Amino acid sequence: MVLPLRNKAETSRAYWAFVTPAFVLYLLVFAFPIVLSVVLSLSNYNGGKMFGGEPWTIVGFQQFEKLAGDPNFWLALKNNLYIVLISVFGQIPLGFLLAYLIYRKIVKWGEGWQAILYIPAIISVIVLGIMWKLVFASNGLLADMMNGMETNAFTAALNHVLAGGFNVTDDFVRQLVSIADPKALQTFANPIPDLKDLILTGGYDAAHLDIFRHDMVNLLAPKWTPDFLSQQDVAMIPIMFVTLWCWTGMYLILFHANMQKIDSQIIEAARIDGATEFQVMKNIIVPNLSGVIANAAILCIAGSLNTFALIWAMTEGGPMNVTQVLAIYMYQNAFIGAPNFPLANAVSLSIVAFSFVLIGVTLFIERKMGGKVE
Amino acid sequence: MKRLTLILALVALVAAGAMAADKTTLKFLYYIDATQAGYAEDQAMWQKFQAANPDIDLQIEILFSQAYHQKLSAYISAGQVPDVVYMWPTSRDSSALLHDQRLVADLRQVLPADFLKNFSAQALDVTQQTDKRLAELPQSFTFTTTVYANVGLLKSLGLKVPKTYADLKAMVPKLKAKGIQTLALPDGDKWPAQSCLFSTISGRLAGDEFIDAVKAGKAKFTDKAFVDALAFYSKLYADGVIDKADVSMGYGDGPGLFASGKAAFIVDGDWRVGAYVTDKSTGKALIDPAKQASDFELINFPAIPGEKNHNSASAIAGVGLGINKDLTGAKLEAAKKLLMFYYGKEFQTMKWETGAFVPTRTDLTPKGLEPLMVKLPLYYKTVAKTTYVLDGALDPTVFNPLNDGLQGIGLGTQTPAQVADIMQKAQDAVLAKK
Numbered sequence: 001m002v003l004p005l006r007n008k009a010e011t012s013r014a015y016w017a018f019v020t021p022a023f024v025l026y027l028l029v030f031a032f033p034i035v036l037s038v039v040l041s042l043s044n045y046n047g048g049k050m051f052g053g054e055p056w057t058i059v060g061f062q063q064f065e066k067l068a069g070d071p072n073f074w075l076a077l078k079n080n081l082y083i084v085l086i087s088v089f090g091q092i093p094l095g096f097l098l099a100y101l102i103y104r105k106i107v108k109w110g111e112g113w114q115a116i117l118y119i120p121a122i123i124s125v126i127v128l129g130i131m132w133k134l135v136f137a138s139n140g141l142l143a144d145m146m147n148g149m150e151t152n153a154f155t156a157a158l159n160h161v162l163a164g165g166f167n168v169t170d171d172f173v174r175q176l177v178s179i180a181d182p183k184a185l186q187t188f189a190n191p192i193p194d195l196k197d198l199i200l201t202g203g204y205d206a207a208h209l210d211i212f213r214h215d216m217v218n219l220l221a222p223k224w225t226p227d228f229l230s231q232q233d234v235a236m237i238p239i240m241f242v243t244l245w246c247w248t249g250m251y252l253i254l255f256h257a258n259m260q261k262i263d264s265q266i267i268e269a270a271r272i273d274g275a276t277e278f279q280v281m282k283n284i285i286v287p288n289l290s291g292v293i294a295n296a297a298i299l300c301i302a303g304s305l306n307t308f309a310l311i312w313a314m315t316e317g318g319p320m321n322v323t324q325v326l327a328i329y330m331y332q333n334a335f336i337g338a339p340n341f342p343l344a345n346a347v348s349l350s351i352v353a354f355s356f357v358l359i360g361v362t363l364f365i366e367r368k369m370g371g372k373v374e
Numbered sequence: 001m002k003r004l005t006l007i008l009a010l011v012a013l014v015a016a017g018a019m020a021a022d023k024t025t026l027k028f029l030y031y032i033d034a035t036q037a038g039y040a041e042d043q044a045m046w047q048k049f050q051a052a053n054p055d056i057d058l059q060i061e062i063l064f065s066q067a068y069h070q071k072l073s074a075y076i077s078a079g080q081v082p083d084v085v086y087m088w089p090t091s092r093d094s095s096a097l098l099h100d101q102r103l104v105a106d107l108r109q110v111l112p113a114d115f116l117k118n119f120s121a122q123a124l125d126v127t128q129q130t131d132k133r134l135a136e137l138p139q140s141f142t143f144t145t146t147v148y149a150n151v152g153l154l155k156s157l158g159l160k161v162p163k164t165y166a167d168l169k170a171m172v173p174k175l176k177a178k179g180i181q182t183l184a185l186p187d188g189d190k191w192p193a194q195s196c197l198f199s200t201i202s203g204r205l206a207g208d209e210f211i212d213a214v215k216a217g218k219a220k221f222t223d224k225a226f227v228d229a230l231a232f233y234s235k236l237y238a239d240g241v242i243d244k245a246d247v248s249m250g251y252g253d254g255p256g257l258f259a260s261g262k263a264a265f266i267v268d269g270d271w272r273v274g275a276y277v278t279d280k281s282t283g284k285a286l287i288d289p290a291k292q293a294s295d296f297e298l299i300n301f302p303a304i305p306g307e308k309n310h311n312s313a314s315a316i317a318g319v320g321l322g323i324n325k326d327l328t329g330a331k332l333e334a335a336k337k338l339l340m341f342y343y344g345k346e347f348q349t350m351k352w353e354t355g356a357f358v359p360t361r362t363d364l365t366p367k368g369l370e371p372l373m374v375k376l377p378l379y380y381k382t383v384a385k386t387t388y389v390l391d392g393a394l395d396p397t398v399f400n401p402l403n404d405g406l407q408g409i410g411l412g413t414q415t416p417a418q419v420a421d422i423m424q425k426a427q428d429a430v431l432a433k434k
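Residue numbers (my numbering), protein chains in the order written: chain H, 1 to 374; chain B, 1 to 434.
Possibly wrong hints are sitting among the right ones.
[Claimed, not checked] Not the full set, but computed from the structure, chain H residues with beta-carbon under 7 Å of chain B:
#, residue
1, Thr-20
2, Asn-190
3, Asn-218
4, Leu-219
5, Ser-230
6, Pro-319
7, Phe-335
8, Pro-339
Calculated directly from the structure, the hints in this document are not laboratory data.
This structure is a prediction, so every number in the text was calculated from the model and none was measured.
Each residue gets a CB set at the ideal place from its N, CA and C atoms; glycine is no exception.
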């Protein structure tokens, strides 16, 4: 038999008895680190024992000022916003569309497609990062493919020159120079005499044209290098592509699961009334899933601002910091080079602040559009 | 019977507890590449130390490269500096905090003078260390610029070891025609270009006195001498001596590329010899000892047009072990014992013989050194003068932008003047703090 609590005070004591342990644990695990992070960001603490070691004091907003004046911070923030954009406006719409195609059985083998698209989400992002790094590396798969095409085109042009015979005259060398990549000719001070000299002293002869062809391809053919990966903004494209490829499957599963909760009779009725698939999606599915979409957007934003492992594995934020995001910027300030813990904490608080702003904007838009977060 | 068993078990438990209590626990954060030759021999030595010192419970944690620096930074930020720690003499990564906050003891006050007299003057020169104390005992004197030359490959193409930069540049087309890179410089990790090549270029064209003047506010990185050094570095890429693709190549990829004959030269630190010699635990070597003798040489970077310090190379006191400054009593004695074991004849001879480094301990007689290890001291003798390694001479807030800038120059996204300007702004901030 359960005895009723006798008065309000006893109810209150019972309440606190149950809540206090969990609340204390919460304070220790969540609240304390956040408060400590705020304190450290305002301090000149530089490692070592916090109490009893080198003295440290609160120095105000110096680190935040330093952040505001550091172009690398703004570059990292911009790169983070690219990730947010591709996540919110790439992963979510694409995941939604794919889920709809599968849900409405517009494509065959829906279960199979779900599995295929979800696979990247269950593989370690480090493994995925290394794999894609090998694809985009300067001597990687992409470069090999592009150089294969460049080599074929150059070899065809070279064969045309050789069709006139292998006579190392000025005219012959001039023809080689005319088909050569201008960048490749930069290794010569005087291309025509220097190249002629190299051919004459290189032991080449008409009987071994394959060796000559091989060497001229190495020397004069255009070389494709993924230079765009060192340019600001453009360098983020492969990362955005991999981000899209990696996580779209997760949102597909999320949306597909929620679509299955919608009463199929409503959709059937709409179809009988003559609604097209697009109208069904726009007027029935999207409104029903508006809360899920808003939640997915919040997850996307939070995840995008925290993104680290995939980019670290692919580029480590380089070259020259052009693919750096806030989490990598924070990590580099905390653990690499000359560690600056207050600055690193200031960066982490900035990430939290930007997350709140972007999530606030998402919720505002969602409410304006009449949906509600579930 | 049951009661007797229980009593015996309790007695055994208490005895074990008492024995454990007698042991001195020593936490040691150690740095070694587990894939490099000599790793198995190194581990065997630590087992030997443990067996010879049953009163010490040696808790050794092994990490390598950035993972090491990250862990040590985390330990330092948590106020848990290991009892014995592997560290750099300068402000390199995690070692900056050890020096700045004097978290390690001055070994001149810890190790007996009789023991220290076995080491070279360079090792005991405290001006080589950031905090001007013997924070760690340098196990070697490191030449950060060492050009590894595949002379066998050069000979097969009718080429000779270059004496001047013009010689080096002249061989680019011939090597390129055969699909061979001229000078490999894997700079994906950012520091190699600065540490292994640019420091020597700066030493040759600007000199240590210029760097000292900049640090004193009497010269600027934007002055002609330093911008010329950066411009020469830029020329290496424009002339095709270094391949642009090297900017994003991982440091660890260099030895394989060079050993397989895909580059005629590689510029690296002297420590990298260990990557090419035979790993006794597997019997395998990246470069066979016979080939090391016949086909490979260690040389200095060729003469640079306009250089004022001829045949100089960047060098610095090497890494070593330091002791937590807070250790006292039995722990301090145990730590001293560990250091004297590590810097002892047996351990240091093993390090030399396995190709790890040429020790600063002067009373060693190694046996069976592989040809590249024999060639290393011969290379040191050819160097006319040593100059600063810039990450050992400059503040991290200044050399980090240089590391980034050298990548930018290689990729063609930054000019020498821009890099010099960024460095000077960072140096101005350092001077303003003072």
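Verification of the supplied hints:
Nearest Cβ of chain B to the Cβ of Thr-20(H): about 28 Å, over the 7 Å cut. The hint is violated. Evaluation of the Asn-190(H) hint against chain B yields a violated restraint, the C-beta minimum of about 12 Å exceeding 7 Å. Below 7 Å, beta-carbon pairs count as interface contacts, and Asn-218(H) has one with chain B at about 5 Å; its hint therefore holds. Among the interface hints, the one on Leu-219(H) holds; its C-beta lies about 4 Å from the nearest C-beta in chain B, closer than the 7 Å criterion.
Of the supplied interface hints, the one on Ser-230(H) holds, with its beta-carbon coming within about 4 Å of a beta-carbon of chain B, less than 7 Å. Taking 7 Å as the C-beta cut-off, the interface hint given for Pro-319(H) holds, the closest approach to chain B being about 5 Å. Taking 7 Å as the C-beta contact cut-off toward chain B, the hint placing Phe-335(H) at the interface holds, the least distance being around 4 Å. With 7 Å as the threshold, the beta carbon of Pro-339(H) comes within range of chain B, its nearest partner Cβ sitting at about 5 Å, so the hint holds.
In this structure, the earlier hints numbered 1 and 2 are contradicted, and the remaining ones agree with it.
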